[in-house]
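K.L.:
Each chain is listed here by its residues.
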Amino acid sequence: MTIADIATRFTEIHSPHEFQEFEDVVEVYQREHCQVYRRFGYKYLPVEAFKHTDVVTFPPTDAEKVFLSSSTGGKDRSRHYVRYASIYEASVTTLFASVFGQGPFTIWAYLPDYAQESSLVSMMKILMHHYGGDQSQFFLGNALPNITLDAPPLVFFGAAFGLLDLAANDDTFLPDSARIVETGGMKTHRREITRRELHVQLAEGFGIPVHQVWSEYGMCELLSQAYAQGGPIYYPPPWMRVEVVDPEDPNHLLPEGRQGLLAVTDLANLYTVSNLLTEDLGVKRGDGFEVLGRQSGTALRGCNFLLDQP
Amino acid sequence: MKSLASAISDAAQLWCEPPLHSYRNDSVQSTLDAPNSFTAEAIAFAIDQQMSQMSESALTNWLAGRMPIRKQQVGVINAGNIPLVGLQDLLAVLLCGHTYIGVLSSKSSYFLPAFCETVREVGGKFDARFVGIEEIWEDAEMVIATGSDATIAQIQSLSLDYGLDPSKCLFRKNRYSLAILDGQETEDHLSELALDVLLHEGMGCRSVALIFAPSDLEPDRFLDHLAKMRGYFPAHPSTSGKLALQQAYLSATDQSHAYGDGLEFLISKGAAEPQVPGHVRWVEYDHLDEIVPIVNDFLADVQCMVARKYVRNKLPEIWDIQRFGSTQRPPLDWKPDGVDTIDFLCGF
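Protein chains in written order, with this note's numbering: chain W, 1 to 310; chain Y, 1 to 348.
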């Protein structure tokens with residue numbers, strides 16, 4: 001099997017055995033062609049590497065797209081060189097269709113403060129192009145766009161903090177069948193809230209049942225995403241595996257139910273590095289995972305494991 | 001009848017003056033056997049430092065005549081990241097006359113119960129018990145808890161579910177400490193700074209995680225002091241394993257760094273971002289004035305700052321910068337996150 005084969009077939013993976021076969025080939029390829037990964041030597045490369053260096057298996061000038069992370073607190077931004085835009089598109093559309101169906105949908109994206117170079121903006125453009133009806137759109141400001149009664153079902157994406165602000169306004173009721181997909185960002189201007197509280201507040205603010213508030217897990221450094229369909233548990237697509245590792249020893253995988261750092265293997269990251277150690281704290285739940293928040297160096301120094309895990 | 005302050009003081013004396021009390025020795029041994037990164041040397045330092053300042057007069061002065069209007073049940077969810085981390089809260093609750101309901105961490109579950117037993121043995125009378133977390137929500141009227149943003153969000157949510165008044169909850173979030181150098185530090189200053197950085201393997205909000213230094217100052221002298229400090233406070237056997245991945249990462253991404261023999265410590269140059277415990281960040285500046293807006297940006301996350309006196313006088317007074325070495329020697333009356341625990345406990 002060649003890397004080119006994997007590039008065209010990774011979305012067709014159906015079994016863990018197949019995943020493992022692909023992963024073995026990809027890891028060897030990336031060790032050989034990505035200098036940073038080769039020198040690092042461990043399995044999961046910290047995602048912050050995308051801030052400090054070019055994580056690539058090819059000359060960056062050959063990239064068809066470059067995703068930049070949002071700038072927070074003046075810190076460096078991650079830079080993800082995407083060798084082939086078609087790989088990203090295949091990953092985004094295959095997962096969306098398997099989770100939501102073929103559509104068409106009315107897709108709204110409320111992403112204030114997001115730059116054009118963000119992967120989330122790109123993702124929304126792809127989804128609107130493939131699955132969006134006429135009334136699909138990006139919008140800003142404090143008012144919801146109009147939607148006609150005969151419009152296809154609404155799927156409304158937005159960053160958590162932006163959606164909360166929007167929900168606080170009057171007249172933000174959505175059609176009964178609408179689904180909200182929050183894309184993370186739990187810190188509000190007021191205080192940190194749990195995902196459950198967030199979903200309850202969004203459901204109340206937008207006038208829909210709480211099980212229609214879904215979540216998406218994605219980041220600039222990953223070309224694949226995972227969705228939580230009306231609960232706390234995210235399910236990755238068959239070409240993405242999420243493990244939980246000990247933050248103090250990321251080589252050590254933790255069993256289901258134990259809190260640790262999320263370590264992702266994303267085969268869509270074929271031409272960069274697939275095995276990435278995120279800064280997100282989470283728990284493995286069956287075939288899925290739960291995201292508990294951001295784990296920083298500070299949190300490790302302090303008392304993150306305050307509530308002892310069983 | 002003996003006052004509680006007097007009994008606590010007597011118990012503290014038994015714990016820090018030879019022959020050391022068996023409760024101390026037994027709890028030290030059990031703690032060393034527990035799943036944590038504590039070393040015998042660091043535990044001894046922490047116990048001696050805290051017990052030696054618990055005289056009856058110091059305890060009475062700390063209380064300063066403050067007492068609550070009525071006795072309440074105070075739940076304390078203890079962090080376990082450094083030895084004896086919950087002692088101050090325990091003393092504060094007991095001296096205020098409240099009932100203490102403590103949840104212990106599996107990393108450090110022996111010291112507080114053992115010290116309570118010692119206080120009882122010398123005649124101290126108080127209400128304290130150690131429980132599972134569920135009992136806190138059932139019984140506590142006030143709560144003190146420390147944790148990460150995510151953990152505190154969970155606890156806040158639970159406390160609301162159980163109808164606890166938010167104003168009666170004292171939540172402390174994760175913090176870290178920093179040092180500011182100007183290049184004129186003496187050998188003693190740097191030795192004390194090595195203690196600020198290395199003790200407890202860099203764990204705890206008072207340990208120094210960032211060192212601001214002039215761009216023309218190389219860390220070589222400080223590295224010597226880090227190595228020397230490891231002679232007094234050897235690294236926990238797990239430290240090198242934890243730092244190995246960090247070091248490999250810095251090396252792979254060409255970030256300037258240095259480390260001690262056997263990876264007993266790790267220091268890297270870069271942006272003012274705290275790293276994992278045991279890995280200290282050296283942040284360069286050209287002029288001292290530059291660091292004021294940088295530090296002001298994350299001031300809410302900073303627990304302590306240390307610098308030599310000359311530098312202290314050049315920086316904002318409100319920063320309350322202390323001398324080198326002070327981070328690992330918290331005074332009895334120190335205020336975590338700037339909040340006076342006794343005031344909180346007497347406010348209702």
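Careful: at least some of the hints might be erroneous.
Listed below are the simulated EDC-like cross-link pairs for lysine to aspartate or glutamate, each with C-alpha atoms no more than 16 Å apart in a straight line [said to hold, decoys possible]: (1) Y:Lys269 x Y:Asp216; (2) Y:Lys269 x W:Asp76; (3) W:Lys51 x Y:Asp254; (4) Y:Lys309 x Y:Glu187; (5) W:Lys51 x Y:Asp182; (6) W:Lys125 x W:Glu89; (7) Y:Lys309 x Y:Asp182; (8) Y:Lys228 x Y:Asp261; (9) W:Lys65 x W:Glu48.
Hints were generated in silico from the structure; no laboratory data involved.
K.L.:
State for each hint whether it applies.
P.N.:
For each hint, the structure was consulted:
1. Y:Lys269 x Y:Asp216: Answer holds: lysine 269 of chain Y to aspartate 216 of chain Y is near 13 Å, not above 16 Å.
2. Y:Lys269 x W:Asp76: Within the cut-off at roughly 15 Å; holds.
3. W:Lys51 x Y:Asp254: It holds: about 12 Å lies between the C-alpha atoms, which stays within 16 Å.
4. Y:Lys309 x Y:Glu187: This hinted pair holds, its Cα atoms lying about 15 Å apart.
5. W:Lys51 x Y:Asp182: Answer violated: lysine 51 of chain W to aspartate 182 of chain Y is near 29 Å, above 16 Å.
6. W:Lys125 x W:Glu89: 10 Å, holds
7. Y:Lys309 x Y:Asp182: 11 Å, holds
8. Y:Lys228 x Y:Asp261: Holds. Lysine 228 of chain Y to aspartate 261 of chain Y sits at ~11 Å (cutoff 16 Å).
9. W:Lys65 x W:Glu48: 19 Å, violated
In terms of the numbered hints stated before, the structure departs from hints 5 and 9, listed from lowest to highest.
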